[in-house]
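Peer 1: Single-letter residue listing:
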Amino acid sequence: MSIIPRNQWYVAAYGSEIRHELFARTICDEPILFWRTESGEVVANSDRCVHRRFPLSRAPSRLVDGKVVCGYHGFTYGSDGKCVAVPGQTRVPRTARLTPYPVVELDSLVWIWIGDPALADPTRIPRATYLASPDYTTVRGMEPLRARFALLVDNLLDLSHETYLHGGYIGTPEVASTPISTEVDDEAGIVYVSRHMDDAECPPFYAKSTGLQGRIARWQDIEYTPPCLYKLHSRIAPVGSVPNPDGTDPDAYHVEVVYAITPETEHSTHDFWMVARDFALDDEAVSAFLAENNRTVVLQDVEALDVLEQEIQGEPEGYQELSINIDTGGLAARRMLARMAGQAPRNAPAAPAR
Amino acid sequence: MSGGIPEAPPVLGGDRVYRIHWVLGTDRLRAVCHCGSERIFEDPVELWEWLLAHPDGHEPAAVPAPSPGPAPAREPAPA
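Protein chains in written order, with the numbering used here: chain A, 1 to 354; chain B, 1001 to 1079.
Honestly, the hints are just simulated from the structure, not real lab data.
Backbone N, C-alpha and C define an ideal beta-carbon position, used for all residues, glycine too.
Some hints could be false.
These stretches of chain B come out as covered by chain A in the derived footprint (C-beta under 8 Å, 3 or more residues) [unchecked claim]:
id, region
1, 1009-1021
2, 1024-1038
3, 1045-1054
Derived, one-sided and incomplete: chain A residues facing chain B with beta-carbon distance under 7 Å [stated by the list, open to error]:
id, residue
4, Glu187
5, Tyr192
6, Gln320
7, Glu321
8, Ser323
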């Protein structure tokens, strides 16, 4: 049975990746063809010709006058997926149509609906407006992960691993040793995990980007909206500084670390990562530093999770793992994901029917 | 600033929010159901089993009493 929740919005790509040319990506085990129309709209259709299933993303298939022409026999499709021409005859079979996918471009991200198109509600897409805001500068990347998406969710919901896996980058002793608080809203579909370190060592990632020296107040507030969007609201400030009652926070540096966790297959994942900051907006050196270091951190996770995936695939049925306090948020996320996929979760009870 | 870390205030404002606080200075977790029932745990799996069993085993303790006196240690709902 699939562990991938369907009838959900997933990030398929960055908006900047989709231009007026054919672009292919497998999302939730479905090969999908994207392109941007002349009017600037991103469209998505199944990436297999209905005739002999040749991938339309593969040369010599090509985009001609806003239509995709199959490189095998010339079947030609419009941006809505309808076949408009077949070779050697004037009649186009009525069923000749690619499967179109609902797509929404929002906050610099291309979201795609995987499931019944009739259920696609764009208002359910979680937002990260700072990714497209002039008040922030964002660096980003995407790494292929040869592991199931749930392992990345586990990883990101428990940041105590930073101390061990990411020492010298973002990990310091205080991350693993500071208690967390966890909130779960089943109806809204949010898992929120807070770790507020009010007197902590400043890791190089933040010392070099903010210029803060010595000890800092470091707040990590995770807001995960299963299945895809993970936001880490990171607040870096001098020790003793707290936000004003009106919400302003002039002494702090804010870094919004965003992940879009999109299953490619049951055992592989598109690991989209973004780092948005509200300081040093035009400083190219800070951008380059954050991009390089965050990618290094992501690759440390990728390496570990790739190993974990192989271990899990080779383990006997019924392996029992152990969970401790740091896993409280991760267990909540697993439970929500399992419910979305119609499964009973491992090591976490399913939510009661509502 | 003192060295103490205050218990994090609630963030989510829904009607069915579960809250789990790591009891400071201990290894224990305090689970707070949306019905107001609370219980201390040392295992997050057992904690979730209890929370999600609502209303089974949940006693609406700490109902705000109309009488004066110190308020129970519960957080106000956020605006």
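Peer 1: Run the structure past the numbered hints and jot down the numbers of the failing ones, going up.
Peer 2: 6, 7
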